[in-house]
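Visitor: These are the residues of each chain, in order.
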Amino acid sequence: MLTVLVSGLASGALFAAAALVYNVMFSTSKVLGVTTGQNAMLGGVFGAWFIGNLHLPVALALLGSMAVGATFGFLTDLIAIRRVLNRSDEHLWLLSTLALATVTQQAVALWWGTEPLPFPRLIRQDFSAGLADQKYWLPIITTLLLTGSIELFYRRTLYGKLFVAMSEDAFAARARGIPTDRIRALSYVLSGVMGGLAGFSAGQLTFAYFALGITLSLNGFIALAVGGLGSNAGALVGGAALGILSAVATYFIGGEYQNTVAVGLLMVVLLVKPAGLFGAQTARPV
Amino acid sequence: MKNRRLLALGAVMLVLVTLPFWVRNNYQLHLGALIGAYWVLIAGLNLVAGYTGPISVGHVGLLSIGAYAFAILAGTHGIHAAPAIALAGAIGGLCGLVLGLPSLRLPGFYFAMSTLACSLIVGELALAKQGLTGGGVGIAVPGFPAPFHTPRGTYWLILIIGSAVTWLTWNVARRMWGRALIAVRDSVVTAQAVGVPVLRLKLTVFVFSGITAGVAGALFGSLQSYITPDTFVFEMGLFFFVCIIIGGRGGIVGPLIGTAVLTALPELAAPLAKLGNLLYGVLLLVVVLLLPEGIGRLFEVIVERLRGRRVESRPVAPDLARLAAAIKLGRAP
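So the protein lines, in turn, are chains R and V.
At position 196 of the first sequence (counting the first as 1) the number is 196 in this note's numbering, and the numbers step up by one without a gap.
At position 323 of the second sequence (counting the first as 1) the number is 323 in this note's numbering, and the numbers step up by one without a gap.
These aren't lab readings, by the way, just hints derived from the structure by calculation.
This structure is a prediction, so every number in the text was calculated from the model and none was measured.
Beta carbons: idealized from backbone N, C-alpha and C, even for Gly.
A hint or two may mislead.
[Stated by the list, open to error] If you want the footprint, here are the derived chain V segments under chain R, 3+ residues with CB under 8 Å:
1) 3-14
2) 78-92
3) 95-108
4) 227-240
5) 279-290
From just these sequences and the hints, can you work out the full model?
Guide: Laid out in structure tokens, this is it:
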């Protein structure tokens, strides 16, 4: 039973990281990018490639994965967001990010193959460690670190305050002389780095698998909706709740119903508290 | 104008009906039937995604439900094909209602994610319920009884159902309903303000699209003759959506052409088959970024360029006699 909880918490940490990535992108652009999961997928796949095929040291591979994530985040903004936001049609960003996510996933499938490949060990450790195994605690620690640093970033740095200002009111921020386009590009780069880092650290849990992105986009979104859009603490709580619930359901009912249980949780939360646990109520436009 | 349209429609129908006599082999006929089966689903989805606006990428789940329902009813239980198709449609509609009732209340992104989740859940259940669906091994789907048992007969059956669905959607689209749907797509708040029952409208077209998806599933399953959960991948749901977006939202002919071209393209050009899903993604990206109104808009623009823009001239000249009369009378004459 303890194994179930720990493994649930570990995958929940990955969902929470995806929810954080959503939050960072949402803060500056009000866009929920479907590419979120692809960030982490690229981190995992490129991490495995750097270590397994190119035989780079772990630290260098980590940097490489983050760089890949950053590049992908920048490209997301450049290709799928910038042109579309200027046109201000509500649905277009959903389509453009969905298209970009599909292109990325299929390109990785062609290059990397469609089989999930094992991710190399990052730290020398025996496989008999059981619950203390690195594949459980690495993603948990990474997500906690990510949450802490993103909160510090928002509260203590000028750029973080610019993010907050843009999330409050982008037009007002622009009127005060904030280069909103550049800040938005920066937030996408940052989200890419975070996704790459999360995917790299959870690689041993998820394997280097091309189809991870779409599941992670969905589960990260559920974690976010449960916790409340825009709230980082909510992302942590929602991710942990979703991960543990999925693991317990897998233990008692069977692994085939994981998505069903996840969506059930989403529906219950949306019915009881539509804004999520920590979310702010939004007014309906009339 | 109307006569020319009728003439064109008649010519197209003649070509479609006689298609089995001038295709070169049965494979091309199968392709034609496959396009028809896809179109039955896409015609219904077009009312949702093209006219009303909610982005549903999960109709592959409803297609899968229809295919499995037909396979189980007609195959396992041996029911006649005609009521089995109708029941597959009814089950698809019911599932559409169950899916749409909670999720259509949600804003755009939440709805898209719910439909995505629906397609994943259906895949999971098809895998899990081994006694019913055969699990990962799959299940054989029976063909249609005589006179529709030959490839030609199957094609004509699909043509009949496809034409009927097209006629239904055309009737919905061009009357008051269609106007209300477009109003909801362009501005929900405005539509509400002028008395359009938004949720009921969305739910109705969504259930209709569920019914067509169920019927399409029965036709599609019978064409494939064997289905597994891997037949109904998420990318297929995206493909349906791409057909509509490429053809242009808010029309029927555009998505129809989009369906035919996109289905035939990877099948006829062999090297493209492996790249199929990548191609759909790239196409969607290009169309969304460059031509959000669909490829049809491109032709319109080209035609406009070639003909030269027609400039209407309406000279405005004062009616001096009338003015003089008005001054004399002290009021408008």
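Visitor: Hint by hint, say whether it matches the structure.
Guide: Hints, one by one, checked against the model:
no.	hint	in the structure
1	3-14	violated (count 0)
2	78-92	violated (count 0)
3	95-108	holds (count 3)
4	227-240	holds (count 3)
5	279-290	holds (count 7)
Violated hints for the displayed structure, listed by number in ascending order: 1, 2.
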